[in-house]
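A.B. asks: If you want my numbering, it's the position in the sequence shown, counting the first as 1, plus 5.
What the hints contain is simulated information worked out from the structure, not anything from laboratory work.
None of these values were measured; they are calculated from a predicted model.
Note that beta-carbon positions come from the ideal geometry of N, C-alpha and C, so glycine has one too.
Watch out, some of these pointers could steer you wrong.
Claimed, not checked - EDC-like mimics (lysine to aspartate or glutamate), calculated; alpha carbons at most 20 Å apart, straight line: (1) K156 with E11; (2) K147 with E95; (3) K155 with E62; (4) K123 with D107; (5) K156 with E144; (6) K155 with E53.
What the hints assert, rightly or not - What follows is a list of derived Cβ distance ranges for each label pair: (7) R39 with G142: 28 to 36 Å; (8) L93 with V56: 29 to 37 Å; (9) R89 with L30: 42 to 50 Å; (10) E94 with N128: 16 to 24 Å; (11) N20 with E160: 40 to 48 Å; (12) K136 with E163: 29 to 37 Å; (13) K29 with V56: 54 to 62 Å; (14) D26 with G125: 44 to 52 Å; (15) S159 with K103: 28 to 36 Å; (16) L93 with V36: 42 to 50 Å; (17) S159 with L93: 33 to 41 Å; (18) S31 with N166: 31 to 39 Å.
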Amino acid sequence: MDGNRERSLISAAWNWALESDITKLSNPCAVVKRNKESPRTRYVTEDEYNVAYALAEPTPYLRPAMELAYLCRMRRFEILRSTRAQILEEGFDTKRIKGSRDAITSWTDRLLQAVNFKNGNVNSLFIVHTKTGQQVGKEAFKSAWTRLKKKMVSEGIEAFNFHDLKAAGVSDVEGSDDDRLDASGHRDRKMLKVYDRKKHIVKATR
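Modelling step: build the complete structure from the supplied sequences, incorporating the hints.
C.D. replies: Structure representation (structure tokens):
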């Protein structure tokens with residue numbers, strides 16, 4: 006755990022103690038500066054995605070989760086709580102968190118296949134679900150993804166984080182920066198610099 010994460014954890018615990026009247030002392034983390042962090046630059050190529058998708062076969066629910074992360078530019082938590090009620094005639098109702106803007110992602114063959122995923126013969130309320138139709142838990146998903154990352158390495162791929170798939174989805178949107186911003190769901194244009202990781206082709210000076 007790096008210093009910034011430790012600061013956030015201690016700060017949250019201290020604030021809870023203040024609210025619970027366990028302490029009257031002000032939060033010491035308020036005067037501790039955060040370390041400067043460089044944004045991730047990992048861009049997942051189409052070939053890398055396809056290899057990882059094939060390797061995910063033993064854990065079936067990883068595949069629709071990958072597709073939703075890439076096609077709808079969704080976070081893991083947004084995906085795990087997605088239900089079939091979000092399947093609309095005009096597209097998939099992409100519900101976001103952290104103050105991002107909801108959107109309806111129009112249908113493609115890939116997206117239709119992802120949202121109609123079935124893990125076995127069970128009908129589930131959740132898009133991504135276990136063999137018993139239950140919602141996939143955060144820790145179970147993280148463990149499954151860690152196993153997949155080890156397989157990526159064995160296949161000669163630089164292992165990527167699940168959240169990198171959202172960045173790949175934003176980076177691959179064709180059009181202007183405004184189009185990519187809409188696709189990402191973010192309200193702040195600064196966040197586009199974090200998620201648009203694909204190298205742009207530029208013209209020579211002469």
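A.B. asks: For each hint, tell me whether it holds in the structure or not.
C.D. replies: Checked hints:
1. With a CA separation close to 30 Å, the supplied pair K156 and E11 exceeds the 20 Å bound.
2. Only pairs whose Cα atoms come within 20 Å are accepted, and K147 paired with E95 is rejected, the gap being roughly 32 Å.
3. Only pairs whose Cα atoms come within 20 Å are accepted, and K155 paired with E62 is accepted, the gap being roughly 14 Å.
4. The suggested pairing of K123 with D107 is violated, with an alpha-carbon distance near 25 Å, which exceeds 20 Å.
5. Note on K156 and E144: the hinted pairing holds, with a Cα-Cα distance of about 19 Å set against a maximum of 20 Å.
6. Simply put, K155 and E53 have alpha-carbon atoms about 14 Å apart, close enough for the 20 Å limit, and the pair holds.
7. Checked against the hint of 28 to 36 Å, the C-beta distance between R39 and G142 comes to roughly 30 Å, which is consistent with it.
8. The beta-carbon spacing between L93 and V56, approximately 32 Å, falls within the hinted interval of 29 to 37 Å.
9. Checked against the hint of 42 to 50 Å, the C-beta distance between R89 and L30 comes to roughly 49 Å, which is consistent with it.
10. A hinted range of 16 to 24 Å for the beta carbons of E94 and N128 is consistent with their spacing of about 20 Å.
11. At about 44 Å, the CB distance of N20 to E160 agrees with the hint of 40 to 48 Å.
12. Take K136 and E163: their Cβ atoms lie about 31 Å apart, and the range 29 to 37 Å holds.
13. For K29 and V56, the Cβ-Cβ distance of about 56 Å falls inside the hinted range of 54 to 62 Å, so the restraint holds.
14. For the pair D26 and G125, the supplied restraint of 44 to 52 Å holds, since their beta-carbon distance comes to about 50 Å.
15. Take S159 and K103: their Cβ atoms lie about 34 Å apart, and the range 28 to 36 Å holds.
16. At roughly 48 Å, the beta-carbon separation of L93 and V36 lies within the given 42 to 50 Å, and the hint holds.
17. Distance hint check: the CB atoms of S159 and L93 are about 40 Å apart, consistent with the given range 33 to 41 Å.
18. The supplied range of 31 to 39 Å is met by S31 and N166, whose beta-carbon atoms lie about 35 Å from each other.
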